[in-house]
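**Student:** Spelled out from the first residue to the last, the chains are:
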Amino acid sequence: GDSVTQMEGPVTLSEEAFLTINCTYTATGYPSLFWYVQYPGEGLQLLLKATKADDKGSNKGFEATYRKETTSFHLEKGSVQVSDSAVYFCALSGDTGKLIFGQGTTLQVKP
Amino acid sequence: ETGVTQTPRHLVMGMTNKKSLKCEQHLGHNAMYWYKQSAKKPLELMFVYSLEERVENNSVPSRFSPECPNSSHLFLHLHTLQPEDSALYLCASSQDRSRVYEQYFGPGTRLTVT
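Chains as they are written, first to last, in this note's numbering: chain L, 1 to 111; chain W, 112 to 225.
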């Protein structure tokens, strides 16, 4: 079945460092790919999405490119802030429309 | 109110109690979802409703009973829960169940079963 694998956390960075959170997927067909973020005590918020190969999703300085050849959707940001500390979830939606989530990666940014 | 709202935000209940969680979406969406988020586990999809009809039930125990009276409201009725049911319960909605539409999540209800 469809699945999503994220890098283990927590990821701890200093402010203004470069961020990469790896995400790979397994799916039949042509899924849509998403990154969601969860701040402490809150629900999940959509960060960005891509619906077809080579699409780049971007929002708030975060970017991810849909790479079908490597079945990946890695999240990147050039300069993280303390306010980016949160849990990040990679997810895919396939032919059934069901969202399949990775296990989440905790990001801690220190001043 | 905008987006997806959930009430209550926190709930403590005994194993013999009956309670209900409420979700309301103000987005005009046609699909609604219940998820369970436990520590150290991926999000678990519990139920899916499309146009007020239940289209998916992921082997959820019968002590959880969903209800969708209209396209804007979704309830999760709880009875005789177990301590392992303690978790964050998230509601979400989407335009429809097509893969291209993202889901919008509420803030969740933190449930503690004592």
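Treat each hint with caution, since some may be false.
To be verified - Here are the computed lysine-lysine pairs in the PhoX-like style, where the Cα-Cα straight-line distance is at most 25 Å:
| # | chain 1 | residue 1 | chain 2 | residue 2 |
| --- | --- | --- | --- | --- |
| 1 | W | Lys152 | W | Lys133 |
| 2 | L | Lys98 | W | Lys147 |
| 3 | W | Lys129 | L | Lys98 |
These are calculated hints, taken from the structure and not from any lab test.
**Student:** Confirm or reject each hint.
**Tutor:** Results of checking the hints against the structure:
1. W:Lys152 x W:Lys133: Given pair Lys152 of chain W, Lys133 of chain W holds - Cα atoms ~23 Å apart, limit 25 Å.
2. L:Lys98 x W:Lys147: Answer holds: Lys98 of chain L to Lys147 of chain W is near 15 Å, not above 25 Å.
3. W:Lys129 x L:Lys98: violated, 29 Å
Of the hints listed earlier, the one the structure fails to meet is number 3.
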